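Participant: As a plain string of letters, each chain reads:
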Amino acid sequence: NAGVTQTPKFRILKIGQSMTLQCTQDMNHNYMYWYRQDPGMGLKLIYYSVGAGITDKGEVPNGYNVSRSTTEDFPLRLELAAPSQTSVYFCASRNSQGASNEQYFGPGTRLTVT
Amino acid sequence: GESVGLHLPTLSVQEGDNSIINCAYSNSASDYFIWYKQESGKGPQFIIDIRSNMDKRQGQRVTVLLNKTVKHLSLQIAATQPGDSAVYFCAESFAAGNKLTFGGGTRVLVKP
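So the protein sequences, as listed, match chains A and B.
Counting along the first sequence from 1, when you hit position 75 you're at 75 in the working numbering, and nothing is skipped either side.
Counting along the second sequence from 1, when you hit position 82 you're at 82 in the working numbering, and nothing is skipped either side.
Read the hints as simulated data drawn from the structure, not as lab findings.
Nothing here was measured: the structure is a model prediction, and the numbers come from that model.
All C-beta atoms in this analysis are idealised placements derived from N, C-alpha and C, irrespective of residue type, glycine included.
Each hint should be verified, as a subset may be incorrect.
Stated by the list, open to error - Using 27 Å as the maximum straight-line C-alpha spacing, the simulated DSS-like pairs for lysine-lysine come out as follows: (1) B:K42 / A:K44; (2) A:K44 / B:K99; (3) A:K14 / B:K42; (4) B:K42 / A:K9; (5) A:K57 / B:K42; (6) B:K68 / A:K44; (7) B:K71 / A:K44; (8) A:K9 / B:K99; (9) A:K57 / B:K99.
What the hints assert, rightly or not - Quick list of the computed label-pair ranges, beta carbon to beta carbon: (10) A:S100 / B:S74: 20 to 30 Å; (11) B:S52 / A:K57: 20 to 30 Å; (12) B:H72 / A:L80: 36 to 46 Å.
Looking at chain A on its own, in the form it has when it is part of the complex:
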């Protein structure tokens, strides 16, 4: 298993541009999450999904959109990039079955908006 993969690893955007951050997991996990991490801070939840076709807002959803058409993929869309969206973005997944509370994280995408 590759686990959780994210692309791209790095990206520089100009203000007002749009892009999609890709996230794929091959563990058949039904729960998936998007977090952002600003320097020196913990992670903040942007959006999450409990299964294909179901998404919900997290703590900081403004400026982002998500979709979940398949179990494997959970892309994050930035429509009008702003400097405040400069951050490291992490995708995670979790199996809702079983006792473990573990979320598996991808390696992150570092986004700079200038």
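The hints should help you fit chain B onto chain A, whose structure is shown.
Facilitator: The following block gives chain B in isolation, referenced to the frame of chain A:
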């Protein structure tokens, strides 16, 4: 790699000593508490979790203690090794969707 934790509180530990990392949480309704380890340039890695109806749980070289009275969580690492150098985050989990709320993090530096 990513510059995670540039301004985080830092715990310097001698190799072989025990480490204790503390965390205050905010929501008395949280049902799980989790510790994550994050190395530079990588995503967080699960260490251990504890349910809200427990006060202690042990893993391999790690122990988590939960004090619900004062909303305090701690992670103890026994015989700290160089590979333990990282930023450590505590997180609270809510039942619906198991959303995580992360604390601010502590950097652990292991001195040889």
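Participant: Taking the hints in turn, state whether each one holds.
Facilitator: Each hint, compared with the structure:
For a cut-off of 27 Å, the pair hint linking B:K42 to A:K44 stands: about 16 Å separates their Cα positions. Simply put, A:K44 and B:K99 have alpha-carbon atoms about 10 Å apart, close enough for the 27 Å limit, and the pair holds. A distance of roughly 25 Å separates the Cα atoms of A:K14 and B:K42; the hinted pair therefore holds under the 27 Å criterion. Simply put, B:K42 and A:K9 have alpha-carbon atoms about 11 Å apart, close enough for the 27 Å limit, and the pair holds.
Taking the CA atoms of A:K57 and B:K42, the gap is about 25 Å. The hint holds against a cut of 27 Å. A C-alpha spacing of about 23 Å is found between B:K68 and A:K44, which places the hinted pair at or below 27 Å, so the restraint holds. Taken as a hint, the B:K71 and A:K44 pair is honoured in the structure, with Cα atoms around 20 Å apart against an allowance of 27 Å. Among the hinted pairs, A:K9 with B:K99 is consistent with the structure: their alpha-carbon atoms are about 24 Å apart, no more than 27 Å.
Taking the CA atoms of A:K57 and B:K99, the gap is about 10 Å. The hint holds against a cut of 27 Å. Range check, A:S100 to B:S74: about 21 Å between beta-carbon atoms, so the 20 to 30 Å window is met. Separation of B:S52 from A:K57 is about 24 Å and conforms to the stated range, judged on CB atoms against 20 to 30 Å. About 42 Å separates the C-beta atoms of B:H72 and A:L80, a value consistent with the hinted range of 36 to 46 Å.
When each numbered hint is compared with the structure, no violation occurs for any of them.
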